[in-house]
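Student: As given, the protein sequences belong to chains A and B, one line each in that order.
Start counting the first sequence at 586; every next residue gets the next number (our numbering).
Start counting the second sequence at 661; every next residue gets the next number (our numbering).
These are computed hints drawn from the structure, not numbers from a lab.
Every value quoted in this text rests on a predicted model; they were computed, and no experiment measured them.
Even glycine gets a Cβ: it sits at the ideal position worked out from N, Cα and C.
One thing to keep in mind: the hints can contain errors.
Straight-line alpha carbon distances no greater than 25 angstroms define the calculated DMTMM-like cross-link-like pairs of lysine to aspartate or glutamate that follow [unchecked claim]:
1) A/Lys-690 / B/Glu-687
2) A/Lys-726 / B/Asp-727
3) A/Lys-727 / B/Asp-761
4) B/Lys-755 / A/Asp-622
5) A/Lys-727 / B/Asp-727
6) B/Lys-824 / B/Asp-729
7) B/Lys-824 / B/Asp-727
8) A/Lys-724 / B/Asp-729
9) B/Lys-829 / B/Asp-727
10) B/Lys-706 / B/Asp-728
11) A/Lys-726 / B/Asp-704
12) A/Lys-611 / B/Asp-704
13) B/Lys-766 / B/Asp-728
14) A/Lys-727 / A/Asp-695
15) B/Lys-706 / B/Asp-720
16) B/Lys-717 / B/Asp-727
17) A/Lys-611 / A/Asp-622
18) A/Lys-727 / B/Glu-765
19) B/Lys-710 / A/Asp-608
20) B/Lys-769 / B/Asp-727
21) A/Lys-726 / B/Asp-729
22) A/Lys-606 / B/Glu-765
23) A/Lys-724 / B/Asp-728
24) A/Lys-724 / B/Asp-720
25) A/Lys-605 / B/Asp-704
26) B/Lys-755 / B/Asp-728
A partial selection of chain B residues facing chain A, derived with a Cβ cut-off under 10 angstroms [as the list claims (entries may be wrong)]:
27) Ala-693
28) Leu-698
29) Gln-700
30) Ile-722
31) Tyr-726
32) Asn-741
33) Ala-756
34) Gly-763
35) Lys-766
36) Ser-800
37) Ser-803
38) Ile-804
39) Phe-806
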Amino acid sequence: MADIIFPILIVFVLTYSIIKKNDAYKSFQNGTVGAIDLIKTLLPTIVAMFIAIELFKVSGLSQILANILSPIFNLIGIPKELTELIIIRPFSSNAGYVVLQDIFKNYGVDSYVGRCASVLMGSSDTIFYVASIYFSATKVKKTMLTIPIAVLCNIFCAILSCLLCRFM
Amino acid sequence: MLLLSTPANVVLTMIGASKNAITMCIEFLGIYALWLGLLQILDDTKLSHKLSQLLSKPVDKIFGKYDDDTKKNICLNVASNILGLGSAATPFGLKAMQGMDKGSEKATKGMMLLVVINSTGIQVLPTTVIGLRALAGSVSPSSILFPTIIATYLPTILGILLIKLIYRKLK
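Chain A on its own, in the form it takes in the complex (with noise of 0.2 angstroms):
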């Protein structure tokens, strides 16, 4: 059913920009063309994030920091498969992604597992890199409880995703 509401967006929004006397075909080009720059710009990082992740895979370290924290995290009803997504996405969406596909990968895209990870990853965000990104515009040096608040509401949206790819 959620499969309809793309193709349905789509044309909305071009209907919308037709009753809006925008030429969408021209918007369309401009917006392309955005995507070898944002891919540009993105490169860098996503190919250190690689990287760098694959390092701390391979090296053994993040199996033991999953070791670590998926009994606890299995407490709460999350599937132990996800720890490695959960410790990584709130640092970077990009080192997020590749977590993902991995997950895709070993465990199936349709999986529970897969579908708890793609619901986790499209509903949350980074905390880390928006925090010092938006404090650091202002003279602000002590940010108070903001990170741990959005800590618990990112371990929240975890739990949240599991539950609900249980019956949805």
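Here the structure of chain A is known, so what remains is to put chain B in place on it, guided by the hints.
Tutor: Using the frame of chain A, we list chain B on its own:
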């Protein structure tokens, strides 16, 4: 640790990782090319501005008193995030933070709210994830849409409530 065990693996791992990175970039290029094109149409029709106007009342209630410019920036930040225009949201968010800056060392309630709202994600449509699912051969890529929407907004609401509760005596 890897360096200590099998040094030969280090370079191999790094090159393999780099190759995977480039593959992923190309896949992303495809996903972004489609969505940025569509989003640009949306943007040029000023839909994000319309949405931000709709948001001004709720933003007022949540954030409290701030000057008009800052309120507008907050609304545009939230509206851009909702529509998935993350790169557009950031400059508005930064300007809003500056507008809320009173020179104090401590974060104000409004700043905390904005940061937490941005950190918990408020994007309605998880386009990148759905794109990646389709590329991975999912039977129904968008089937995660409804759970994702719920999982997007409930933690955000939790964050807002927590900040308002814990800092109800603060400005």
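Student: Run every hint past the structure and note whether it holds.
Tutor: Structure-based check of all given hints:
1. A/Lys-690 / B/Glu-687: At roughly 15 angstroms apart (the allowed maximum being 25 angstroms), B/Glu-687 and A/Lys-690 satisfy the hint.
2. A/Lys-726 / B/Asp-727: Given that 25 angstroms is the threshold and the Cα spacing comes to 23 angstroms, the pair holds.
3. A/Lys-727 / B/Asp-761: 13 angstroms, holds
4. B/Lys-755 / A/Asp-622: 23 angstroms, holds
5. A/Lys-727 / B/Asp-727: This hinted pair holds, its Cα atoms lying about 23 angstroms apart.
6. B/Lys-824 / B/Asp-729: Given that 25 angstroms is the threshold and the Cα spacing comes to 23 angstroms, the pair holds.
7. B/Lys-824 / B/Asp-727: Holds, at roughly 20 angstroms.
8. A/Lys-724 / B/Asp-729: Holds, because 19 angstroms separates the two Cα atoms, which is no more than 25 angstroms.
9. B/Lys-829 / B/Asp-727: At roughly 21 angstroms apart (the allowed maximum being 25 angstroms), B/Asp-727 and B/Lys-829 satisfy the hint.
10. B/Lys-706 / B/Asp-728: Roughly 19 angstroms between the alpha carbons, so the hint for B/Lys-706 and B/Asp-728 holds.
11. A/Lys-726 / B/Asp-704: Given that 25 angstroms is the threshold and the Cα spacing comes to 38 angstroms, the pair is violated.
12. A/Lys-611 / B/Asp-704: Since the Cα atoms of A/Lys-611 and B/Asp-704 sit roughly 10 angstroms apart, the hinted pair holds (cutoff 25 angstroms).
13. B/Lys-766 / B/Asp-728: 23 angstroms, holds
14. A/Lys-727 / A/Asp-695: Violated. A/Lys-727 to A/Asp-695 sits at ~43 angstroms, over the 25 angstroms cutoff.
15. B/Lys-706 / B/Asp-720: 22 angstroms, holds
16. B/Lys-717 / B/Asp-727: Distance of about 14 angstroms is within 25 angstroms: holds.
17. A/Lys-611 / A/Asp-622: Given pair A/Lys-611, A/Asp-622 holds - Cα atoms ~18 angstroms apart, limit 25 angstroms.
18. A/Lys-727 / B/Glu-765: Measuring from Cα to Cα gives roughly 6 angstroms; hence the hint holds.
19. B/Lys-710 / A/Asp-608: 19 angstroms, holds
20. B/Lys-769 / B/Asp-727: This hinted pair holds, its Cα atoms lying about 15 angstroms apart.
21. A/Lys-726 / B/Asp-729: Satisfied, since the Cα-Cα distance of roughly 24 angstroms is no more than 25 angstroms.
22. A/Lys-606 / B/Glu-765: 48 angstroms, violated
23. A/Lys-724 / B/Asp-728: 21 angstroms, holds
24. A/Lys-724 / B/Asp-720: 24 angstroms, holds
25. A/Lys-605 / B/Asp-704: 10 angstroms, holds
26. B/Lys-755 / B/Asp-728: The given pair, whose Cα atoms are some 12 angstroms apart, holds under the 25 angstroms limit.
27. Ala-693: Hint holds; B/Ala-693 Cβ to chain A Cβ min 4 angstroms, cut 10 angstroms.
28. Leu-698: 6 angstroms, holds
29. Gln-700: Holds, because the Cβ-Cβ distance from B/Gln-700 to chain A comes to roughly 2 angstroms (cut-off 10 angstroms).
30. Ile-722: 15 angstroms, violated
31. Tyr-726: 14 angstroms, violated
32. Asn-741: Hint holds; B/Asn-741 Cβ to chain A Cβ min 9 angstroms, cut 10 angstroms.
33. Ala-756: This hint holds: B/Ala-756 lies near chain A, its Cβ roughly 9 angstroms from the closest one there, short of 10 angstroms.
34. Gly-763: This interface hint holds because 6 angstroms falls under the 10 angstroms limit.
35. Lys-766: Where the cut-off is 10 angstroms and the nearest Cβ of chain A is about 5 angstroms from B/Lys-766, the hint holds.
36. Ser-800: 6 angstroms, holds
37. Ser-803: 6 angstroms, holds
38. Ile-804: Since the shortest Cβ distance to chain A is 5 angstroms, the answer is holds.
39. Phe-806: 6 angstroms, holds
When the structure is compared with the earlier hints, violations turn up for hints 11, 14, 22, 30, 31 and for no others.
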